[in-house]
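Peer 1: Read off the chains here:
Number of protein chains: 4
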Amino acid sequence: MAGKYRVRTDLAMENGEKYEKDNVEISGVVIRKSYDRKKDIHTTVVKIESEYGAKLMEKPVGTYITLEAPSLVVPDEGYHREISAELAYHLKKLLPPHVDSVLVVGLGNRNITPDSLGPRVIEHIRITRHIIREYGEEALGEDGTPMISALVPGVMAQTGMDTMEILQGVISETSPDVILVVDALAARSTRRLSCTVQLTDTGICPGSGVGNHRCGLNEETLHVPVIGIGIPMVVDAGTIVHDAVSNLLETLEESEIDEFLAELVPPALHGMCVTPKDIDETVRRLSFTVSEGINQALKEV
Amino acid sequence: MAGKYRVRTDLAMENGEKYEKDNVEISGVVIRKSYDRKKDIHTTVVKIESEYGAKLMEKPVGTYITLEAPSLVVPDEGYHREISAELAYHLKKLLPPHVDSVLVVGLGNRNITPDSLGPRVIEHIRITRHIIREYGEEALGEDGTPMISALVPGVMAQTGMDTMEILQGVISETSPDVILVVDALAARSTRRLSCTVQLTDTGICPGSGVGNHRCGLNEETLHVPVIGIGIPMVVDAGTIVHDAVSNLLETLEESEIDEFLAELVPPALHGMCVTPKDIDETVRRLSFTVSEGINQALKEV
Amino acid sequence: MAGKYRVRTDLAMENGEKYEKDNVEISGVVIRKSYDRKKDIHTTVVKIESEYGAKLMEKPVGTYITLEAPSLVVPDEGYHREISAELAYHLKKLLPPHVDSVLVVGLGNRNITPDSLGPRVIEHIRITRHIIREYGEEALGEDGTPMISALVPGVMAQTGMDTMEILQGVISETSPDVILVVDALAARSTRRLSCTVQLTDTGICPGSGVGNHRCGLNEETLHVPVIGIGIPMVVDAGTIVHDAVSNLLETLEESEIDEFLAELVPPALHGMCVTPKDIDETVRRLSFTVSEGINQALKEV
Amino acid sequence: MAGKYRVRTDLAMENGEKYEKDNVEISGVVIRKSYDRKKDIHTTVVKIESEYGAKLMEKPVGTYITLEAPSLVVPDEGYHREISAELAYHLKKLLPPHVDSVLVVGLGNRNITPDSLGPRVIEHIRITRHIIREYGEEALGEDGTPMISALVPGVMAQTGMDTMEILQGVISETSPDVILVVDALAARSTRRLSCTVQLTDTGICPGSGVGNHRCGLNEETLHVPVIGIGIPMVVDAGTIVHDAVSNLLETLEESEIDEFLAELVPPALHGMCVTPKDIDETVRRLSFTVSEGINQALKEV
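Chains as they are written, first to last, in our numbering: chain D, 731 to 1031; chain R, 731 to 1031; chain S, 731 to 1031; chain C, 731 to 1031.
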């Protein structure tokens, strides 16, 4: 995907798609797909196993699980519960063994609707750390619930601080065994908006899908395993222009296409994003689905 | 702009633009432009004077005043105040003489951010009707303030009723001399999002810029003069694809273009809209600017 | 309860309590109590059958059903569902026979938390009128669902209009068979805050429990049966002072008490109200419980 | 103020009042009052200079500045601006010399209206740290603006963590020179609700006005100077009962009064608070006034 206008996606599976289309196998990348007809969930597991694969996929080495569930866009409570259970199932497999304390972090800006998924999820997380510390585990009347704490650090324009600075401080004070980071993602395809969940053991790389691994929230930078959980809520406005014409241009040379596309995306589209019209209601609903999945996974650790 | 995919705009001036580009004069349509360099406001007054002009412009006969103020996207309080004053100036000229009572109506869905402009404007309107009825005009300590009432009727999915049904009832009970209807609009160009204000004495035609005048909120249907005030807050997602390629296709025949474009806009874009990323903050700010303009215009009636 | 400081309550059963305490039977007033131990619901049905009873009870002639469910203050979803069912059961008995269309009205100010119950309930009401009018009843796939419409008229400071004016207009346009009016109430006892539901076929008398029946929203003024549904969300701040000392003053003469109490409630308490500390969360939760009860009752009409 | 029912206040000046009433001078406590007639602001400066004074005043050693401005309850923008300026004046005097970096902390629960002052103030604070670190001070086009960062840590029920733990971590990462902590306070008198601002160099003692200094956010615990800024938003419901009767009981012995009062405050009042009816609007307005004061004070450091 060379060229001046870079189509950005946070979904590893979308980066895998262009190689699939060309029937190219990527060394160091294993992609496994399955479909549960009854639940209408497409599951894609992408394992990036080498730095070579990481470079081609433009994502760090690790495991990426994507659940595509088109019916998530509908306000069907029962279905959302099923997705929560599915999410809990995969999340438990990504958790390290013997988890005694978990920090759940909600990234994003609560005042920007499509970016508010993280902060909203935190509102429904079952917090136990202060209870266990005060009264012991028995106070919860269950076995094996870890100490769960949560934080909404805010974005840099609100705090003046790197999320990293805030998290490092809190981690050194509270020493969690694992960190879950929830964030709204960008997708390439509007088809995936608000009906796709990605879980990954590579954490979250805020602001960009590409390159600079050091700025990400991950085990390398935070010295604790970090699991990223995200749902794409926006598509860059330039992307839909790009996608719409690219099919029609298949006969052109790639370099020509790049030039053509670079001109095609007008400056007025910068700062614009594409969202479903009912984004406010959507993000409210999905924050329940995700928090329910997290609550369930952590209950049975 | 015939063809299968119809680009929709609520701005009369945008419909005027394609004729301008071709240097075509439209009989029955007078377009006057001016630019205030100091305030950086482009003002376009479109007068549609005949049914023939109305058909070409796809808007009812009447006057449309558009203020384009690019700096509106910036949170500069002083500048917003200037736009409020400008809006008040034009609004006063559209008001009928001897206004004793005004009903301000905020259309749209308060729970959908880009559609919440109308309801939010109402929150800042200075309401006087109940005070004047109870204590007389002197209670306000000023001369000439009319009785101002306001209503947020909600959208059909929330009420089960036509806005028309609700308004007709309220009008017959309270008999206002003029109705101001505030609504979020759709534009064709992302360049105009959240920095353009349209005032018109033709009211508002919810849901479509075209055709069926009978469903609109206007003097014909409500038997009271209706002034529409709107700011474009969304562009249809299909539109940006359409616009981006249309330049490149200028050499094709128009019928070819239509076919081409119809295929170009993928079904996944239906229900999608393009908005500025900071729409939540934008709509909050603009609702003050508009309500301030209305308050000022009505104070000096 | 004569005297200068009038303790205000919207709950008929609270007005009944002082007679009970004195073991006085009131001619023209029938009070029936029951307790469902399994659900922990106290039900009080007050029937005021004569104008004499109405005067003593300071409420209009009619039926008042009060459900007291202390566990409503706890966020237990299952329990809230039971109360919704109970509410639906009583509401159905108050509905007139052969209801084809219902207008649900949410009174109160959405921007004042304890007063926002009505507007919030409306957000969850299942609206059917526009669907049935467009596609017929079959579109809903069920038998017997009436046309349901809803309105949030706002309060006078927001609209400049009487709720009555707005409703009369809407009623004459849409002719509902019955009107449900939902409102936050004032109670005398903090014990009843946010865990008591009152249903009544006498409508709602906004602003006062006493006297002027003509200003109320009821069958007499709106010419359609009106059912009021309310939950006490505030206690007047003066009331808790009044209540606290009145026990201690039982030996004094009533006229002395009045004088004493009048002095006791300091002016600084005017405009103050007593609410549970978690009122924001409480009103959110209860609005679901009430709307669910209404939706259930109307589904099976 | 011995006795079973403890009237709680976060305002040092209210604790000073009972000694004043008795014309008792407290050794180690200096109280200075002044009144600005033009601005209608009463200013009280309480200096607690000894541990003996601290014990009597039930507040730590330090300076407490209280501005009482009754007109703050009115939505008069000009007046609020004056109070912001007054607040900035006093705040600057409390700041240590040579401040290069400031952390502003908004305590409280954003979802509980009367407790949301802190988080709301943060929304309007001018954040500069990330800009200065990226582009240098010149980027701001002004001299002497310090690096300003901000944090909304949330309350323990939301995070599972002590505010202290979160702050200590963030402080060790970002090393601010001074911390401003904004919080909603409890007052004893409803007269002071939402029209009184307290500034103090003793930080904030969340949850209680009394005793345990070690749990507070202050220089001793955080090793950085901490300035507390608070506005009383609630009065404990028991307090208004207590206050109302205490005048009438002046002839009784103090021990009798305590017993009497302990019985007077009924259990149903626990968890209840007294707030102005328009608390939602009030807290919105005051958060601007406070943040404006902070922004002004920090601009000219």
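Because the hints were derived from the structure by calculation, they are not lab data.
Just so you know, these numbers come straight off a predicted model, no measurement behind them.
Do not take every clue at face value.
Copies of the same chain look alike in the list, so a pair counts if it works inside one copy or between any two.
SDA-like, lysine to any residue: derived pairs with alpha carbons at most 25 Å apart [to be verified]:
hint, residue 1, residue 2
1, Lys1007, Ile842
2, Lys823, Asp766
3, Lys777, Pro955
4, Lys785, Pro805
5, Lys1007, Val804
6, Lys1007, Arg921
7, Lys768, Glu895
8, Lys1007, Glu853
9, Lys763, Ala869
10, Lys768, Gly871
11, Lys1029, Gln888
12, Lys748, Val791
13, Lys768, Arg1015
14, Lys768, Ala998
15, Lys823, Glu949
16, Lys1029, Asp892
17, Lys768, Tyr865
18, Lys785, Asp770
19, Lys822, Asp770
20, Lys769, Gly866
21, Lys1029, Val804
22, Lys763, Arg811
23, Lys748, Asp1008
24, Lys768, Pro827
25, Lys748, Leu825
26, Lys763, Ser780
27, Lys1007, Phe1018
28, Lys1007, Ile857
29, Lys1029, Glu807
Peer 1: Against each hint, give a clear statement of whether it holds in the structure.
Peer 2: Now the hints, each set against the structure:
1. Lys1007 / Ile842: This pair counts as both: shortest intra-copy Cα distance 14 Å, inter-copy 8 Å.
2. Lys823 / Asp766: Cα proximity of Lys823 and Asp766: one copy only (19 Å, versus 46 Å across).
3. Lys777 / Pro955: Answer is within: at 17 Å inside a copy they meet the 25 Å cutoff, but 50 Å across does not.
4. Lys785 / Pro805: Answer is neither; intra-copy 39 Å and inter-copy 41 Å both fail.
5. Lys1007 / Val804: Both: 13 Å inside a copy, 24 Å across copies.
6. Lys1007 / Arg921: both (14 Å within a copy, 19 Å between copies)
7. Lys768 / Glu895: Result: close neither inside a copy nor across copies, 45 Å intra and 44 Å inter.
8. Lys1007 / Glu853: both (24 Å within a copy, 18 Å between copies)
9. Lys763 / Ala869: Answer is neither; intra-copy 42 Å and inter-copy 38 Å both fail.
10. Lys768 / Gly871: between (35 Å within a copy, 23 Å between copies)
11. Lys1029 / Gln888: between (33 Å within a copy, 17 Å between copies)
12. Lys748 / Val791: within (19 Å within a copy, 51 Å between copies)
13. Lys768 / Arg1015: Only inside one copy: Lys768 and Arg1015 sit 22 Å apart there, 33 Å across copies, limit 25 Å.
14. Lys768 / Ala998: Answer is between; shortest inter-copy Cα gap is 23 Å, intra-copy 44 Å.
15. Lys823 / Glu949: within (17 Å within a copy, 45 Å between copies)
16. Lys1029 / Asp892: between (31 Å within a copy, 22 Å between copies)
17. Lys768 / Tyr865: neither (43 Å within a copy, 31 Å between copies)
18. Lys785 / Asp770: neither (32 Å within a copy, 47 Å between copies)
19. Lys822 / Asp770: Answer is within: at 21 Å inside a copy they meet the 25 Å cutoff, but 39 Å across does not.
20. Lys769 / Gly866: So Lys769 and Gly866 fail the 25 Å test inside a copy (39 Å) and across (32 Å) alike.
21. Lys1029 / Val804: Between copies only: 21 Å across chains, 27 Å inside a chain, cut-off 25 Å.
22. Lys763 / Arg811: within (22 Å within a copy, 40 Å between copies)
23. Lys748 / Asp1008: Result: close neither inside a copy nor across copies, 30 Å intra and 31 Å inter.
24. Lys768 / Pro827: This pair counts as neither: shortest intra-copy Cα distance 31 Å, inter-copy 43 Å.
25. Lys748 / Leu825: Neither, since 30 Å and 58 Å both go past 25 Å.
26. Lys763 / Ser780: within (20 Å within a copy, 61 Å between copies)
27. Lys1007 / Phe1018: For Lys1007 and Phe1018, the Cα distance is within 25 Å both inside one copy (19 Å) and across copies (23 Å).
28. Lys1007 / Ile857: between (33 Å within a copy, 20 Å between copies)
29. Lys1029 / Glu807: both (21 Å within a copy, 19 Å between copies)
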